[in-house]
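Trainee: If you're matching them up, the sequences are chains A and B in order. Those letters in the first sequence? Residues 54 to 543, by this note's numbering. Those letters in the second sequence? Residues 54 to 543, by this note's numbering.
Simulated from the structure, these hints should not be mistaken for lab results. You may find that some hints are simply not true.
For identical chains, the list gives no copy identity; a pair is met inside one copy or between any two copies.
[Stated by the list, open to error] Under the rule of at most 27 Å between Cα atoms (straight-line distance), these lysine-lysine pairs were calculated in the DSS-like manner:
id, residue 1, residue 2
1, Lys308, Lys157
2, Lys521, Lys436
3, Lys198, Lys436
4, Lys100, Lys198
5, Lys509, Lys166
6, Lys303, Lys151
7, Lys462, Lys436
8, Lys140, Lys462
If you want the building blocks of each chain, they are given just below.
Number of protein chains: 2
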Amino acid sequence: MAQKLTKREEDYSKWYNELVVRADLAENSAVRGSMVIKPYGYAIWEKMQAELDLKFKQTGHQNAYFPLFIPKSFFSKEASHVEGFAKECAVVTHYRLKNDPDGKGVIVDEEAKLEEELIVRPTSETIIWDTYRRWVQSYRDLPLKINQWANVVRWEMRTRLFLRTAEFLWQEGHTAHATKVEAIEEAETMLEVYANFVQNFMAIPVIKGVKTESERFAGALETYCIEALMQDGKALQAGTSHFLGQNFAKAFDVKYASKEGKEEYVWATSWGVSTRLIGALIMTHSDDNGLVLPPNLAPYQVVIVPIYKGEDQLVQISAKAKEIKQNLEKVGVSVHFDNRDTHKPGWKFAEYELKGVPLRIAMGPRDLENNTVELARRDNMTKSVESMDGIEQRIKSLLEDIQDNLFNKAQTFNDQNTHTVNDWEDFQAKIAAGGFVLAHWDGTAETEEKIKTETKATIRCIPLEGDKQAGKCVYTGQDSVQRVVFARAY
Amino acid sequence: MAQKLTKREEDYSKWYNELVVRADLAENSAVRGSMVIKPYGYAIWEKMQAELDLKFKQTGHQNAYFPLFIPKSFFSKEASHVEGFAKECAVVTHYRLKNDPDGKGVIVDEEAKLEEELIVRPTSETIIWDTYRRWVQSYRDLPLKINQWANVVRWEMRTRLFLRTAEFLWQEGHTAHATKVEAIEEAETMLEVYANFVQNFMAIPVIKGVKTESERFAGALETYCIEALMQDGKALQAGTSHFLGQNFAKAFDVKYASKEGKEEYVWATSWGVSTRLIGALIMTHSDDNGLVLPPNLAPYQVVIVPIYKGEDQLVQISAKAKEIKQNLEKVGVSVHFDNRDTHKPGWKFAEYELKGVPLRIAMGPRDLENNTVELARRDNMTKSVESMDGIEQRIKSLLEDIQDNLFNKAQTFNDQNTHTVNDWEDFQAKIAAGGFVLAHWDGTAETEEKIKTETKATIRCIPLEGDKQAGKCVYTGQDSVQRVVFARAY
């Protein structure tokens, strides 16, 4: 606690790395690129999971579990999928170790070589569609709306905690439908589920859109996405939902007999969000003092710190603190009472600031006399002295206020850093300064690539909402149907 | 649905395999030894997870997540652990595929070979204790009480759905303590958590005990276990909790400074249960008609099947059925209303019998007239006609009754198949007939091994409760401290 965090304006990337470790969210492990998600970080993920899982079930999905390993040959079955995915991944080649003859530990038993190598899943379309072939015969078996909570592995060269790790946790939905229309509806529904979750639960504003062809998921006909803007002006893709057409059905021969008895290929979607969202959470709300958590995601929303000298005072304060804790828990507020005598109040204040606890209650002997407590908000760092009477309702409404305030603050930041640009020089300047840039684009992959090469900006999405007027491409001057969102991105 | 299940007495093993697939619990996948857990089976696992997770948190544990991969060298660090675990496991040797020059799919890129192979975790003691070294410095950091929900891989040669699969899902608790006494207490507490869960939630009676030295977990000083008895007279280990002493602390150099400033090694426990418990659930309660589920674990506890001719009747019945469904859900009962017109009532009856839904409600036009419903219990296959008035409370109490009845039935089976034996011939006969055999044992690994070779029976546990009188070994006639539990086992 002694040392302060690096400030964001000094080195944003360093600030992020320090924060993740010091707020006890995650750390690097002995395995290159694989992180340990610490209990405090995992508690945030559990809250995200619980909310998402509820929304998935409310929209008619069920959970299931498919194998971690995928036979190598499966990746070759869908041509564009293999191009996008099968290359950088963990390959299992053997199934046994044996004692090293030199007596020093164990070595791979070369006799236990697999006939066909197994790939640790980087995503599960192939193994799932291989399974769906057995599950789908008739239109009666459709739709199939299944989600999986799982770990996946993509062998990333440069890794960063939460943002890009070799192994990460996610959910992946995989659905099968009788018609194209229904599959597109599903992909759009899940985009809405994600957008609502990220905006209302995580307090992160997003732009909803579709990817350009070159940014699409490998194997998709359309990739819907939500894009968020981080404090350093870089975009972060916060969730994707893919309309996969009949590509996987054809690759894995999944057909159904229609009501009319005709054999048809099945239509598919897949959609996912991952622990990467925790990175987005950090980079949207946190500040130079540490993590800032929206109350919906805080492992505990309120911490009570007693200010006391000697055992007697602690006993008195504890009695009152426990009463408040109980009353708060009755109205659904989670509370941590930190009565450790191994640390001073000032140390605890700094600790809970660093960990982003939304509300801190400090209680000393004078508070007991006056029937008051000191409340400190983490979001705007303001303090107030409040009567203990009706404190539960006061805190409940403060927490709602904090949740709203964090969203509004982030939305204001987004608005201030979203620029409508018509001129190429202005475009370059605005991209270099950071933020979303709304500009016209002629719709060609060639122009997209040139802009990327010259400015490092990619088309984050073709937005689904807002201004849809035609214009001229900011780079080529050719016709453009609508403005698209450019940014440098994580 | 056309074909009946194989009967248990014809072929128990075949009955089990058929049941798992036909009740939609799980199936084999394209990856040898890896299963797909289907939505209906996964819903049962989710109920188990929710209850266990609650109990873990109530006993002061937090969840976290550790890497899937473990560096090969870690397994050699704890000598007895490597003997027990590191051999049959999935080994990652490469991290990239490339296009096959012959144009047919992908092959392993031999240039992307890992310097040190990675093992897909068969259990996580090593990677977790490597992490704990960084987390533990002082007595203030202890105890560390962490659980992980994860997938693990053990390369089994003969696999069976749920009972023995290459990949399975489980939870593994890993705790670190300042004292030996506290660690032993923890291991015993978790045994109690497991025993209560399996008995009260899953309705499976168990014997609590400790393993003999030769049956202990690799690296443990004491393995506590719960043992259940399946309908075919074979035992199944339903959960284990290990006191690991300081073995892993020494192997991974995890020390803490005590209050007195002395450096000490940390004391450890680990404990886990897995999807194997679903196998135990099936083999404890189910019958020749299919699955039988205790209400606590049923994805839906009640199914309503309408009996109707024509649309008009269906509309009338549906209105009443939906009312009952809503009222039941208000009192916490989960209900599925199956109004599909693609299947006949008889087909649905058989389907829900096969899937083990605890209570079935059938409603026809005459029921509407008479203000009645027909209730059918899955556990004892009895039917009754009941008034709709107060039906919610009636059903609630019936579900409790079913839960109790299933436990009692299983307990009676266990009692009838638990034999106290003093004579070697009788021992052999009783073991061959199936069941738990309580017999004296001289305490040597040699005798244990001989008995195993001659009868295929292993010592399931040295029971913690019940008769503790001394006697003479059933095999050697040597002194014995107390009777132990023998059985053939899964």
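Trainee: Could you run down the list of hints and mark each one as holding or not?
Mentor: Going through the hints against the structure:
1. Lys308 <-> Lys157: Classified as between: cross-chain Cα gap 25 Å, same-chain 54 Å, threshold 27 Å.
2. Lys521 <-> Lys436: For Lys521 and Lys436, neither the intra-copy (45 Å) nor the inter-copy (64 Å) Cα distance is at most 27 Å.
3. Lys198 <-> Lys436: neither (48 Å within a copy, 34 Å between copies)
4. Lys100 <-> Lys198: So Lys100 and Lys198 pass the 27 Å test inside a copy (23 Å) and across (20 Å) alike.
5. Lys509 <-> Lys166: neither (44 Å within a copy, 32 Å between copies)
6. Lys303 <-> Lys151: Between copies, since 23 Å is at most 27 Å while 42 Å is not.
7. Lys462 <-> Lys436: within (19 Å within a copy, 62 Å between copies)
8. Lys140 <-> Lys462: The answer is neither: 41 Å in one copy and 55 Å across copies each exceed 27 Å.
Hints 2, 3, 5, 8 from the earlier list are contradicted by this structure; the remaining hints agree with it.
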